[in-house]
Amino acid sequence: MSTPTTVRTEPSVHRPRDERRLPWYHLVFTGIAGLLVAIAVLAIVGALSVTSAILLGFVLHLLFGWGYSLLREGPRWATDRLMTLLVIGAFAISMFPLLSLLWSVISRGLTRVIAARPTTFAFWTEDMSGIIGGADAGGVFHAIVGTLLITLWASIISIPVGLFTAIFLVEYANVGWKRTLGRGVTFLVDVMTGIPSIVAGLFGLAVFIAFMPDQSVRMGIMGAVALSLLMIPTVVRNSEEMLRLVPMDLREAAYALGVPKWLTIVKVVLRTAIAGLTTGITLAIARVIGETAPLLLTVGMVTSVNWNMFDGRMATLPTFINQQYRNGNANCMSDTVTNPINQEVYACAVSTNIDRAWAAAFTLIVIVMVLNIIARMISHYFSPKLSR
Amino acid sequence: MAAPQPINVEDLNIYYGDFLAVEGVDVQIRPRSVTALIGPSGCGKSTFLRTLNRMHEVIPGAYAKGKVEINGEDIYDAKVDPVNVRRRVGMVFQKANPFPTMSIRDNVLAGVKLNNRRISKSAADELVERALKGANLWNEVKDRLDKPGMGLSGGQQQRLCIARTIAVKPEVVLMDEPCSALDPISTLAIEDLIHELKEEYTIVIVTHNMQQASRVSDRTGFFNIAGTGKPGHLIEIDDTDTIFTNPSNKQTEDYISGRFG
Amino acid sequence: MSTADIEPDAASAPPASMKSGGRRFGDALFNALSVGSGLLIFVTLAAVAIFLTLESLPAIIASREFSGSADFSLIEYSLPLVFGTVLASAIALVIAIPISLGIALFISHFAPRRLASALGYMIDLLAAVPSVVYGLWGGVWLVPKLEPLYVFLNTYFGWIPLFAGEPTAPMRNLASASVVLAVMVLPIITAVSREVFLQTPRLQEEAALALGATRWETIRTVVLPFGRGGVVAASMLGLGRALGETMAVLMILAPGATFSLHILEVGRHNSIAANIASKQAEASGVDMSLLIFTGLVLFVLTFVINAIARWIVARSGPKS
Chain A
1 MSTPTTVRTE
11 PSVHRPRDER
21 RLPWYHLVFT
31 GIAGLLVAIA
41 VLAIVGALSV
51 TSAILLGFVL
61 HLLFGWGYSL
71 LREGPRWATD
81 RLMTLLVIGA
91 FAISMFPLLS
101 LLWSVISRGL
111 TRVIAARPTT
121 FAFWTEDMSG
131 IIGGADAGGV
141 FHAIVGTLLI
151 TLWASIISIP
161 VGLFTAIFLV
171 EYANVGWKRT
181 LGRGVTFLVD
191 VMTGIPSIVA
201 GLFGLAVFIA
211 FMPDQSVRMG
221 IMGAVALSLL
231 MIPTVVRNSE
241 EMLRLVPMDL
251 REAAYALGVP
261 KWLTIVKVVL
271 RTAIAGLTTG
281 ITLAIARVIG
291 ETAPLLLTVG
301 MVTSVNWNMF
311 DGRMATLPTF
321 INQQYRNGNA
331 NCMSDTVTNP
341 INQEVYACAV
351 STNIDRAWAA
361 AFTLIVIVMV
371 LNIIARMISH
381 YFSPKLSR
Chain B
1001 MAAPQPINVE
1011 DLNIYYGDFL
1021 AVEGVDVQIR
1031 PRSVTALIGP
1041 SGCGKSTFLR
1051 TLNRMHEVIP
1061 GAYAKGKVEI
1071 NGEDIYDAKV
1081 DPVNVRRRVG
1091 MVFQKANPFP
1101 TMSIRDNVLA
1111 GVKLNNRRIS
1121 KSAADELVER
1131 ALKGANLWNE
1141 VKDRLDKPGM
1151 GLSGGQQQRL
1161 CIARTIAVKP
1171 EVVLMDEPCS
1181 ALDPISTLAI
1191 EDLIHELKEE
1201 YTIVIVTHNM
1211 QQASRVSDRT
1221 GFFNIAGTGK
1231 PGHLIEIDDT
1241 DTIFTNPSNK
1251 QTEDYISGRF
1261 G
Chain C
2001 MSTADIEPDA
2011 ASAPPASMKS
2021 GGRRFGDALF
2031 NALSVGSGLL
2041 IFVTLAAVAI
2051 FLTLESLPAI
2061 IASREFSGSA
2071 DFSLIEYSLP
2081 LVFGTVLASA
2091 IALVIAIPIS
2101 LGIALFISHF
2111 APRRLASALG
2121 YMIDLLAAVP
2131 SVVYGLWGGV
2141 WLVPKLEPLY
2151 VFLNTYFGWI
2161 PLFAGEPTAP
2171 MRNLASASVV
2181 LAVMVLPIIT
2191 AVSREVFLQT
2201 PRLQEEAALA
2211 LGATRWETIR
2221 TVVLPFGRGG
2231 VVAASMLGLG
2241 RALGETMAVL
2251 MILAPGATFS
2261 LHILEVGRHN
2271 SIAANIASKQ
2281 AEASGVDMSL
2291 LIFTGLVLFV
2301 LTFVINAIAR
2311 WIVARSGPKS
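Residue numbers (the numbering used here), protein chains in the order written: chain A, 1 to 388; chain B, 1001 to 1261; chain C, 2001 to 2320.
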């Protein structure tokens, strides 16, 4: 989510006089023709569906458009048209998973979130204690608490380390042995960026079980340590990029006023780059908040709220999604299920686990998107205008 | 304050890493006067200027060897803190560089605020007014002190930087081509200001513009370089009138008369 | 304009002497914190290597390769997992690379410039979706949708080894996992390729157009040759990501441990990461140690792939 899109102007196309091109709307005709033939063929074969009609229609469109252009304009322009269609097709294909995923998450997740079981939005305020079988109840309050706590602790570890590493690389690693160290650090940060998340989880696990008598120990702080391993390189990279954008002029202006280096860094460099730094750090948080694999290994799963990072397992949204998905369809022997803890009676629904997974996914995506939007807003509204 | 003493530079060699950029400078800079440094590009005049407040060593790998005495204290003494040197020897840069995150008022107070010193509201008001008046900028900005410093014109920004520099009450003000990015009217305003400032400060100014050197300075030093990769030298320094009418060195004469450079 | 008569402020008066007793505390602290953080990066990565090695030692020592007597073999255990991991990632790349290049070209050279940045943002959104949500989407929504395609491929192209075998519903096979992996690496490959394509020298492009080349001819003769190194590097980065991805495989693939090439068959393959995630809850002692050993293998594998990618970037990346 970090590279801004650069746009270039369209170069004007000069073409020889003798190669007349067809008007753009011939593509509409070949497109409609392709679609109609596709529908006809699929209807005869008996495999007609919206997806198959669009896919086959597109392939036929490529064929018809290319063939027609070949007849009228010659092979060079025909190839050009074919490639243009393919490139547009590639983009359309990539939108397909994004839209269908968002649609699934919103239609199935939001429905469950606002469903009145027992009250609207109870999904966000209740936990899973006593929810068994196909009980159409329960929520993710415990998982939201877990996700926020673990991410908070991961941030507490990663932001100072990442920020000071970036300061080291930009402000200190200029000469002598520090320069050599800086090169090493840059390399290692690259290596860290590539660490698979499951390996980060194994690290969090391995560190703690090496020192703990109980090999089955799982707790929030282990997850936070594992996530830090993934978060630190992102924080370093984003911060380093922002600090390098601060003009040397400003540092010199401060030095010339007799300001010590550390105060120059705090009050001029960090102050000038604060919007970019906040954006970068928010994006780093958004990245780790959805991590699942490290948390599967380090924090386990529980059914009720655990506020203590240093004792006992914790639920988080990503691992909750995974668990509910793996539970699969519930087995409804009767129409109702009774909560063994408080004796409440719920309806039984076969799809309850999957519904909760979607609703938790919706919750997680909302959190991630809010973080992304906050990051964009900070960088848009709070950047100082550096006239260069 | 005791009678101001000259700046004594003795056998100063300036390096960028292994590269000797300026060699063997011996010069005495008179207090409460304007000294201009002229010479062709790359001759080391700006480099020399930056050694007078130890800004040179901010560049990675750069250092200087020799003696620079200000008020009888060698600023290259091992015990001297460069931060303290810069509080006494201010600097104005080629490009105006007000702090983009600060208002006009805060820019003037930057030397105080960035150093975490406490200052009362009334003392701060007085300091801002005095420094802005000292930089001939007060009348233009007194109604918008809380507006960003980046909103000013180029010439105003440069005078804001001068105000910021004199607000920390230095003894010496170094100026590195302060007018090279300005239009003629702003340049004139800065030159007038330099005339006023020399009543109180020792001023050393680097300039590309020989007319400017002859207009603003009392003494002029000429730097030259034998060729690319060779170190720069201070060829001669004398009263400005002498340098421009009757230089003792042939190189200076060639440069002044436009035969090269 | 004289200020000599005004009392100098204590706050802004310069110090009497320029000498200082010692180093400034703030500077010393900042220096220590910065250098310390840099060193901490070294320590952390060393710790990762040390702890993974340390914790996998019990399995290494107890293995047949080392002791000659145990009932399990490191190689026999790890190799099918490595095979599954590499196969799934390779297929994901085969699907993702052409589509990514298409998207990158569309954004850099075909789309109207007003739309281009918005379209780029849409692709970036794909990267922001957590992997567990991809797993859920893939497992619940996508797998049933792919079934007719698999039946078709198996029926008519079954003579190709990849599509051979007997696919059975639900299609929790390697192909489905690869499709989801492809969606996940798509934004990475697209982002890097797009940047490289935009770096193509304008003059060369305009020269080609001025000679009467069509847009595609310009891309083929100027843009693609220029961006080749960047595209290879982008693909390697995508490969690194695909190799290490856990959830998409864990939530979609019905695991197995064979060297089968039949990607449509269910229960034939597994990846290192998914295997660790599914077995860790019950594992302890030597079993856990064995999982950590496979994690070490994965770490080395992705390290090598990423190192090659960065080496290519450094060697042939766009010079700005």
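What the hints contain is simulated information worked out from the structure, not anything from laboratory work. Be aware that a few hints might be false.
Listed below are the simulated BS3-like cross-link pairs for lysine-lysine, each with C-alpha atoms no more than 25 Å apart in a straight line [said to hold, decoys possible]:
#1 A:K178 x B:K1250
#2 B:K1079 x C:K2145
#3 B:K1250 x B:K1230
#4 B:K1095 x A:K178
#5 B:K1067 x C:K2019
#6 B:K1065 x B:K1079
#7 B:K1121 x A:K267
#8 B:K1095 x B:K1133
#9 B:K1133 x B:K1198
#10 A:K267 x B:K1067
#11 B:K1095 x A:K267
#12 B:K1065 x C:K2019
ask   = Between K1121 (chain B) and K267 (chain A), is the straight-line Cα distance small enough, at 25 Å or below?
value = OK: K1121 (chain B) and K267 (chain A) at ~20 Å, within 25 Å.
query = Is K1095 (chain B) within 25 Å of K267 (chain A), Cα to Cα?
reply = holds, 21 Å
Pairwise hint evaluation, K1230 (chain B) against K1250 (chain B), where the allowed Cα distance is 25 Å at most = OK: K1250 (chain B) and K1230 (chain B) at ~19 Å, within 25 Å.
query = Is it true that the CA of K1095 (chain B) sits at most 25 Å from the CA of K1133 (chain B)?
reply = Roughly 21 Å separates the two Cα atoms, so the pair holds.
query = Between K1067 (chain B) and K2019 (chain C), does the CA-CA distance stay at or below 25 Å?
reply = This hinted pair holds, its Cα atoms lying about 15 Å apart.
Hint consistency between K1133 (chain B) and K1198 (chain B) [alpha-carbon to alpha-carbon, up to 25 Å] = holds, 15 Å
message = Would the hint linking K1065 (chain B) and K2019 (chain C) be met if the CA-CA limit is 25 Å?
response = Since the Cα atoms of K1065 (chain B) and K2019 (chain C) sit roughly 18 Å apart, the hinted pair holds (cutoff 25 Å).
request  = Decide if the proposed pair is consistent with the structure: K178 (chain A) and K1250 (chain B), CA atoms, cutoff 25 Å inclusive.
outcome  = violated, 47 Å
ask   = Taken at face value, is the distance from the CA of K2145 (chain C) to the CA of K1079 (chain B) at most 25 Å?
value = violated, 77 Å
request  = Decide if the proposed pair is consistent with the structure: K1065 (chain B) and K1079 (chain B), CA atoms, cutoff 25 Å inclusive.
outcome  = holds, 15 Å
task = Compare the distance between the alpha carbons of K267 (chain A) and K1067 (chain B) with 25 Å, and conclude whether the hinted pair is satisfied.
result = The given pair, whose Cα atoms are some 32 Å apart, is violated under the 25 Å limit.
message = Tell me if the straight-line CA distance from K1095 (chain B) to K178 (chain A) falls inside 25 Å.
response = With Cα atoms ~30 Å apart, K1095 (chain B) and K178 (chain A) exceed 25 Å; violated.
In this structure, the hints that do not hold are numbers 1, 2, 4 and 10, in rising order.
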